[in-house]
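Enquirer: Spelled out from the first residue to the last, the chains are:
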Amino acid sequence: MQGLKRMLEIKNLFAGIEGKEILKGLTLRVNPGEVHAIMGPNGSGKSTLANVLAGRPRYEVTSGEVRFEGKDLLELPPEERAREGVFLAMQYPVEIPGVNNIYFLKSAYNAMRKHRGEEELDAIEFLQLVREKMKLVELDEAFMNRGVNEGFSGGEKKRNEIFQMAVLDPKLAILDETDSGLDIDALRIVATGVNMLRNERHAVLVITHYQRLLRYLVPDYVHVLSEGRIVKSGGKELAEELEQKGYDWIEEEAAAAR
Amino acid sequence: METSVQNAIRELAAERFAQLGWPTPQLEEWRYTNLAAVQKVAWRTEETPAPVDLPSTLASRAAIELVFVNGRLSGNPAGWPAGVQVAGSDTTIADWDRNAMVALNLANSQDGATIKVADQAIVDGFIHLLFVGSGDGIWSHPRNVITVGRHAQVTIVETYVGNGSYFTNALTEITAAEGAVVDHYRVQFESPSAFHVGNVYIRQERAASVTSRAIALGSALARSETHVALAGEGATISLDGLFVGTGSQHLDNQTVIDHIHPHCESYELYKGVLDEKARGIFDGRIIVRPGAQKTVSRQENRNLLLSETAIVDSKPTLEIHNDDVKCNHGSTIGQIEQEPLFYLRSRGIGEEEARSLLIHAFASEIVDRMKIEPVREQVRRQMFRAMPERLPERRGSSR
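Just so you know, the protein sequences line up as chains E and V, in that order. The first sequence begins at 996 in the working numbering and counts up one residue at a time. The second sequence begins at 7 in the working numbering and counts up one residue at a time.
In silico DSBU-like links for lysine-lysine, alpha-carbon gap of 35 Å or less:
1) V:K377 to E:K1130
2) E:K1015 to E:K1240
3) V:K122 to V:K300
4) V:K377 to E:K1152
5) E:K1066 to E:K1152
Partial list, computed: chain V residues near chain E (C-beta under 10 Å):
6) E343
7) P346
8) L347
9) G354
10) G356
11) F368
12) A369
13) D374
Far from chain E, by Cβ distances over 12 Å, these chain V residues were calculated:
14) N13
15) R16
16) S140
17) S337
These aren't lab readings, by the way, just hints derived from the structure by calculation. Each residue gets a CB set at the ideal place from its N, CA and C atoms; glycine is no exception.
Could you build the full structure based on these sequences and the hints that come with them?
Expert: Rendered as structure tokens:
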């Protein structure tokens, strides 16, 4: 029996891309207020999980179930998942020249407000909100009037993801290897953004290959993904163990258990 | 008032058109466009057009605006900008010997702007030439002759609009003397049942710099031709084009850039957006003559197809007769890309709006670099109108 309302419930999920099955029976529960880290070697299915949750086209779910606040998430198109409060910070944010950053973000923000039956913000109100969040991720205001991610460095793109997350204030934030390729300052900013969401209304799923980010952003739970399934779960100390010992021992353990 | 010399051109051109006849798809440069539907109408000219509404007027923004209704000057413009005079023209730089539609224009030439910008004159703002077609079965043959003096600078906007099944066969000639700077816009918003043929001939002397922009959004069938002669060392031409077609529109764009002298540069970017059963054509020729060493030329045509039934034909051609040149060209035809579309949707933006943002972004490369704000706004509005479902009006643009 749980007193808590479940936020995300993934049950025995099988999914893949272009006929190749990558997730093979993944089960995970995330409650409001929790930060979960999903770790695992390359090819274990980490990014597939992120993309399936966000509804990226071409990813196919063959069986299993994903419920978000009780709703069938897999039924919804990507924009409706976002409006319900699911946010994916992408591993490789795309550049969209000609679509103004701030105009794009305002459209997104107001689409969510509209979905919640709230009044849309006007340009001035929105700009105030944006300025406040921009300070947090240390992004220069000049970025806002460029095309979406246009000409941004790798680190700037990732900070822009966190900035969007801060503005859109999702219930569930999924960070798909947001930490890879970041210097320590950028890493700290990502952690600040995530720690901001650390309260009983939000939950965070941090997908990462390295333990580095988890020093700044201490997870409540750590799960190890191997060959499309969660093979080990634990507290934050599991991440440290993985950092020292690598993934091999877990994979061996998992193989022995099969 | 016409001079006898002009009458001589008129008669010779009529004779030449009788010999050439209407262009047919048998001609290489007309292989994609058939004027049979235009040819079969018994067109008449209207000598005294009735007044019409002018939704596209920019009178309050332009240095001066001239309005032509069915080829005839409407009203008397007052207050020409300094350095500009209205002069007669008794010669032509257009190739009426080979180009039948030019011959047809010269044979029937009506009013048009004949503008002479004095040497060194810098004309503030822009000169707006508004051509309005009105009624069915009427053709018009406006001819504009723009002569820009040494080191002079001017911006000229031609806008074509109207109501009905009329036919506009326009000709614009631009001569840019040494060091002249010309920004030229041709914005075609003709009625959906109109036909439009527009020929532009540009001749540039030493170090003259010309930008000519061709926007094609209207007409059932439209053909735009731009012919550029880089006839002096160090001249630079930029050709920007945007054609947006929907329904069963046919939008043909032909450009020829002739590098005659050394050290000239040409930059060309044409973009097409085609939906439903529309067809777009880009046929761009760059010629580098044997004496045109150190030529720099970049030509690009990019097209976005929004439906399975839309068609685009892209034919960039380089004819290079000199080794010491830097030329490249390219052409792409694609659909809306999935990655940006998913990115926008993953932030809560609905699919239709996301598509519209991306179409807009595609066109914005051409639209955003148009220097005249009211013209930019008109082009954006017309795009929304052309594709009401795909391009909902933007509210509170933050640009």
